[in-house]
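Enquirer: Line order of the protein sequences matches chains A and B.
Residue 130 in the working numbering is what sits at position 125 of the first sequence, and the numbering runs on without skipping anything.
Residue 74 in the working numbering is what sits at position 69 of the second sequence, and the numbering runs on without skipping anything.
Please note that the accuracy of each hint is not assured.
It does not matter which identical chain is used: a pair holds within one copy or between any two.
What the hints assert, rightly or not - Below are the DSS-like pairs computed for lysine-lysine, each with C-alpha atoms no more than 27 Å apart in a straight line: (1) Lys110 x Lys11; (2) Lys31 x Lys170; (3) Lys173 x Lys110; (4) Lys140 x Lys72; (5) Lys252 x Lys110; (6) Lys173 x Lys15; (7) Lys143 x Lys31; (8) Lys72 x Lys143; (9) Lys110 x Lys170.
Simulated from the structure, these hints should not be mistaken for lab results.
2 protein chains.
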Amino acid sequence: MSQKIKDYLKEKKDFFENSIDNFFPKIAPEMQLLEDAMRYSLLAGGKRIRPVLAIAVAEMMNYPVEKVLPLSLAIEMIHTYSLIHDDLPCMDNDDFRRGKPTCHKAFSEETAVLAGDGLLTEAFKVIADFPKDEKLLKGKLTLISKLAEASGVNGMVGGQVMDMKHPKNGGFEYLELLHKRKTGAMITISCTAPLYLFEANEKDIETISKFGEKIGLLFQVVDDILDETATFKDLGKTPGKDSKQQKLTYISLFGLEKSREIAEKLVADACDLIKNYKNSENLQAIAKYIYERTN
Amino acid sequence: MSQKIKDYLKEKKDFFENSIDNFFPKIAPEMQLLEDAMRYSLLAGGKRIRPVLAIAVAEMMNYPVEKVLPLSLAIEMIHTYSLIHDDLPCMDNDDFRRGKPTCHKAFSEETAVLAGDGLLTEAFKVIADFPKDEKLLKGKLTLISKLAEASGVNGMVGGQVMDMKHPKNGGFEYLELLHKRKTGAMITISCTAPLYLFEANEKDIETISKFGEKIGLLFQVVDDILDETATFKDLGKTPGKDSKQQKLTYISLFGLEKSREIAEKLVADACDLIKNYKNSENLQAIAKYIYERTN
Chain A
6 MSQKIKDYLK EKKDFFENSI DNFFPKIAPE MQLLEDAMRY SLLAGGKRIR
56 PVLAIAVAEM MNYPVEKVLP LSLAIEMIHT YSLIHDDLPC MDNDDFRRGK
106 PTCHKAFSEE TAVLAGDGLL TEAFKVIADF PKDEKLLKGK LTLISKLAEA
156 SGVNGMVGGQ VMDMKHPKNG GFEYLELLHK RKTGAMITIS CTAPLYLFEA
206 NEKDIETISK FGEKIGLLFQ VVDDILDETA TFKDLGKTPG KDSKQQKLTY
256 ISLFGLEKSR EIAEKLVADA CDLIKNYKNS ENLQAIAKYI YERTN
Chain B
6 MSQKIKDYLK EKKDFFENSI DNFFPKIAPE MQLLEDAMRY SLLAGGKRIR
56 PVLAIAVAEM MNYPVEKVLP LSLAIEMIHT YSLIHDDLPC MDNDDFRRGK
106 PTCHKAFSEE TAVLAGDGLL TEAFKVIADF PKDEKLLKGK LTLISKLAEA
156 SGVNGMVGGQ VMDMKHPKNG GFEYLELLHK RKTGAMITIS CTAPLYLFEA
206 NEKDIETISK FGEKIGLLFQ VVDDILDETA TFKDLGKTPG KDSKQQKLTY
256 ISLFGLEKSR EIAEKLVADA CDLIKNYKNS ENLQAIAKYI YERTN
């Protein structure tokens, strides 16, 4: 990975993280515990790949970048809530996330449920309230609808149900649909959100959606590869859980080598989709980074 | 309770329930289980007091009533999600709700967490998508912001945290704040939601907010009274849990007789606030009904 893209990712991550407090809800002191739990998980680090994607798309489309910071935060809040709930004992029962105790381990199960609920609810408020710009009313409503779709029953929540109930003989079709919903939909909306906010034309929305879908699948293939090949230190969580749980993954279906080929093709296809946009270099570099990442 | 208000409540409840399928999300067949769990809890009956309040306020304000059906559903979906999550083993651990097994008992804990998450997420989509009316863009965004506030960290979710962590010596001030957040905020927004949607003036919003706050507290005082006096058959759930758990309630603080007086004063104050509106009779009758209800 080139130093240039490393610097770019770091710069955008910092730009995003430094803006969080401008939009994050102010919480009354009686609910300090709730605020602590929400912030614990939201500020637990991570690559901030979703906000960075939104910012990179906004830059490529020549939108005022500071106006996509609230939606970037909303997306990251929804992503964070999903991790908190997925880690719960009745779900994936994970004790570690990014090398730290998961929310229910650091606080309690009930606090974790409520911290997740709070992050999800407040995410929609962030978009409704920010940026304060009367010209964006229609774009904000479209965005809220699309974000709820991506994170809701036909998106992330539905994907989680598919994952939980996956049939052993589901095959590739089931796996792909599952991932499109569980992780792909939120990655895709990270790319398209700025376009909805600024009411872009259908053609741009379609192109960037396809780009997002490729990146979303790529993300999952790489996740499956890393679960097979990486260490706890790399991942900040226990690797090898998938094969132990006999989960349907790219590895279990195709093996390691073929999975890498699939990932390479996804990167190439994604870059191809956007290569005609001026200034698409950073976004292309992010696609390559997602393939090369080690955690 | 007069036959007239009984008929009115039944008529509006049916009007609301018959509209649910017009706005409830269509869910892809792979997530049938999720849809089943969401519908199981949403359609478990109940008084539909929140949708009926929204409809009654819309009638009093002379708004087109069919246009408040989507927001009524959104509010009921959020209310339902909160019941599902509150009933979880790590929260209140309730096995019955409205005489039926709770969601996690009828399905599973993980399905119940996700059904709640799905209802909450899709509620915001319902408002963003319906009614399809370009004149309501600004009203919808204000409504989304206010609904997220009422159900979020400074509202319902925060109230739940306060309830979970209430100090034994919290006293009346803590109790009132807790209830304003936990149940009051959602009752209040049920009353004010139509006004936000139709961009009512500040004075009307303030008056109806105050009415909603009185009704919200009334609702809680009556809940506390019923927990002390009603039977399982009346409530559809186990009564007497509050005193068994030594919870801070109106009963534990003031005793039964004084709690009834407080409730009567809340009804009188609420009716007084709206008596100058033409056609406020039905809304006043609902306030009285909430006091007289037995479940």
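Enquirer: Next, verify each hint and record whether it holds.
Expert: Structure-based check of each hint:
no. : hint            : result
1   : Lys110 x Lys11  : neither (32 Å within a copy, 49 Å between copies)
2   : Lys31 x Lys170  : between (38 Å within a copy, 20 Å between copies)
3   : Lys173 x Lys110 : between (31 Å within a copy, 25 Å between copies)
4   : Lys140 x Lys72  : both (12 Å within a copy, 24 Å between copies)
5   : Lys252 x Lys110 : both (24 Å within a copy, 26 Å between copies)
6   : Lys173 x Lys15  : neither (40 Å within a copy, 48 Å between copies)
7   : Lys143 x Lys31  : both (26 Å within a copy, 23 Å between copies)
8   : Lys72 x Lys143  : both (15 Å within a copy, 18 Å between copies)
9   : Lys110 x Lys170 : both (25 Å within a copy, 17 Å between copies)
Violation of the numbered hints given earlier is confined to hints 1, 6; the remaining hints are satisfied by the structure.
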